[in-house]
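J.: These protein sequence lines map, in sequence, to chains P and B. Under my numbering, residues 2 to 667 are what the first sequence spells out, in order. Under my numbering, residues 2 to 317 are what the second sequence spells out, in order.
Note that these hints are calculated values from the structure, not bench results. Be careful, since some hints might not be right.
Computed spacing ranges between beta-carbons, pair by pair [what the hints assert, rightly or not]:
| id | chain 1 | residue 1 | chain 2 | residue 2 | range |
| --- | --- | --- | --- | --- | --- |
| 1 | B | A266 | P | T47 | 49 to 57 Å |
| 2 | P | L208 | B | G300 | 34 to 42 Å |
| 3 | P | I564 | B | A266 | 50 to 58 Å |
| 4 | P | S594 | B | K288 | 48 to 56 Å |
In this text, a Cβ means the ideal position worked out from N, Cα and C, and glycines have one as well.
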Amino acid sequence: MLAAHLLGIVLPLVFYHNNRINILLAYGFAALASIAGIAIAMFALTYPSTVMLTLFPSALFGDGSLSLDGLSAFFLLTISTLSLAVSIYAPPYMRKTAGERSAGGFGALYSLFVLSMILVVTVDNAFYFAIFWEMMTLTSYFLIVFDYKNIQTVKAGFQYLVMTHAGTAFILIAFITLAANSGGFGFVDFKSAATTIPPALKNAIFLAALLGFGTKAGLVPLHVWLPRAHPAAPSHVSALMSGVMIKTAIYGLIRVMFDFLSPLTWWWGAIIIILAAVSALLGVMYALMEHDIKRLLAYHSVENIGIILMGIGLAVVFMSFNLKAAALLSLTAGLFHLINHAIFKGLLFLGAGSIHYATGTKNIDDMGGLLKTMPVTGTLFLVGSLAISALPPFNGFASEWLTFQAILQSYTLGDTSIKLIALFLAPALALTGGLAAACFVKVFGIAFLSLPRSECVAGAKEVPRAMLVGMGILGVLSVALGVGATIFIKIPERVGAALLGATGVPMLSDPLSFNVAVNGSRSSVSIALIMVVLALIGILAAFLVRIRGKRSTIIGPTWDCGIREITPRMQYSATAFSRPLRMVFSGIYQPRSRVDVEDGISPYFPRTITYEASIYPVFERYIYKRIINVLVRLAGKAKMIQAGSINLYLSYIFVTLLILLIFTRG
Amino acid sequence: MEALLQRAIIGIGHVVLVLLVSPLMVNLIKKIKAHFQCRRGPGLLQGYYDLWKLLKKDAVISEHASWIFRATPYVVFSATLLAAAIIPAFTVLPPIGRVGDVIAVIYLLGLARFFTALAGLDTASSFGGMGSSREMMISSLAEPVIITALFVLAITAGSTNLSEIISSSLTSGYMQPSYLLILLALLIVVIAETGRVPVDNPATHLELTMVHEAMVLEYTGRDLALIEWASSIKLMLLLTLIANVFLPWGIAREITWVFMLSGIAAIVIKVTVLASIIAVVESSTAKLRLFRVPELIGGSFALAMLALILRITGKG
């Protein structure tokens, strides 16, 4: 079964290297492989049996084999679902983006990228994990720099490469330390050695893993590469990167913590939830100030990684206090939000891609009125916006509700200080939700409503059907996972239960509503019923309105205070919309603005006014600039020994040889 | 079967009560404010006349508007009414079953607000955009306050369900330090959320000070009726929430006619008292500058956080 699936992934690659022209072939096979992936993941999730497939037998590092336990299958499901939608969406988009250039290499890389993500989450050997991890990083790097003539893109790609490699170094440290203490690179070896590693070393491994995976996940303050690199890639790749690639880091973190390092220590969880809260808040705050639609979405990925890690961090805390039911709830919430985020973020990135496809711009302040010219894209984008703002009855609400319940559970913890830290997540999550809603009112309101703000947007046309289908799948899933959350929740719940060793907690068992029980009293919500009642009242209201006889609707101009006509320039822009919040949080943003007025005849009738506003990139300036300065200085020092003289280099080699000989002799 | 019928009657009764009483409360506030201004003010039933009149009128819709603008009144009305239906008014029982908890209420109001703000942007009028922008700022700051305050209650009850919260405040007592703190915090937030002085002024259509009114400026006729009704329901539901959590007197704990009727009387009286307090606050304070509002909300957030800390450390 797995072999068939792997074949489906590998085949397009093999096939594709011979036929470098056909886009359809690459994405067609990717779509087929994704369907197979979904089928296999569902099979593995319903019949919990470890499927094994040995790929590379090796005496030194142990066999590199693929295994599909619950966690791997869950991530496989997430990846495959999104890659299916993206693969359907991609062909027309790619045809336009590539233009004259050959899209063949890109297609092959795309397949390789998806394949390497799948291998990362299924392989069960640290050595091969590192190889596939690297493969994933490199393929995604090449996908990012597709538009290599743009200097910004190249810069973003370089930054991505440097930062993720620094992260990979930390992951390698964690894995090598684990391997040195367990006598093998296999995950099985790691697991069996979990109890023998001394606690201090465990802490070190945890910190290395957190740094390493945190970089890839885009955890603040390691997030700086993310809002640059993700938008630089073509949109369907951005969707995959933001939707699932950063989730592989979450997979790694869960694997390392719950599988290799248990029993867990509470302050690990504390660190994770503090970083998670900071990431969520700063992610959404920076998103609010962003007017490039793709960068904005990328910042929202930082936010949502924060929300996911809230659940996972809480699970660590609960496990360390041996509260298994609460830990299961938290982990379930985290995993559920993970797949939800993959779906709605994928949808939003594809939507942004469609806008770019139809209008050629990514700047929200140039858009407007797109709902009239692109009704289907607009409606689907609205679904994604509502879901990411955690509004009922969409899937984002379901998982954030569970996260709130997980936070509430923390009052059963024994320790007051950790209780405080955990409960402070509640206002953090609420503020995140509120700001996310504000941000998406901005995006949707400015981009899709009112009047177009530029020529190219006014002439926009709806995108080809394949792209709509790709987005449509994700839109339907957003609603389905919200309304049918109680049915779907069984999957992450079972995965979590297997991981934590908690069995049969009757927590979310009602088919119609979520019921979370603590100390006898329970909290419940039924999104399906919310949906039904909402529709019912809506119909009732329509009926109520009809009671008073038939009336007509008159189309008239908008109230304009008596001037001749409303022009697009009079509308609120995205910059204006987010100004109140920029003022409120000016301590964080440190906004800079410049107004240039060019006087005409009199200062009261200026000829032109230009207004420039920007926010101060605090992290880049205060943290990274310093590190880079130190690095440059060190490199300057290193230049001394790199004089360029061959004799000198020969003597280096000689000295090294001598030292090595002394070492090996001893 | 009989139990089910009973529950159905309670549910419908609850919804009808909310629908009927809410315009009265808004008008009551107007009347009291008029009294403070030495005016006679409109009659108490004026709210009903207005709704009845608006429902009869044609709707004028902007030529720039999309379907969002047309759909918004219905979405806002349904989401608000559903949120109101979740909050128990005259019995401790959940009025329409276990559809949702207090988090669902907050996010349903969020859904209504999301659409209202979109509609504000939809007509290409700069007033609408201004209103939406300000409303989203105020509400996103108010949200953590509400959630924190409600979490204090939820911790006491061990549940986010409103029935449980109200039952627990009936049994464990409502005169606790943390409860008093969040009562104050919630009152401030309710004023901000319902767009009342000192945060916003519902009586003005003065261009530069409007927040909520600016968003719905373009609505007319039946659409306006639904929007207005929804905003009066929102006021009613937030007051009901405060009334039943902090002053749970008189709420029916058993399903008998006597308890029910006294429960209805109790909730109407409690909400009337709270509405009068709001009217007095509105009449005796001046509207704040927009950028002073975050300070006010920040203050209420501090109160809520203090309550949370008190509650966690077991000191109150």
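J.: Determine for every hint whether it applies to the structure shown.
T.: Do the hints match the structure? See the list:
Evaluation of the 49 to 57 Å hint for A266 of chain B and T47 of chain P yields a pass: the beta carbon distance comes to about 55 Å. For L208 of chain P and G300 of chain B, the hinted distance range of 34 to 42 Å is satisfied, since their beta carbons lie about 39 Å from each other. Taking the beta carbon of each, I564 of chain P and A266 of chain B are about 54 Å apart, inside 50 to 58 Å as hinted. For the pair S594 of chain P and K288 of chain B, the beta carbons lie near 27 Å from each other, so the given range of 48 to 56 Å is not met.
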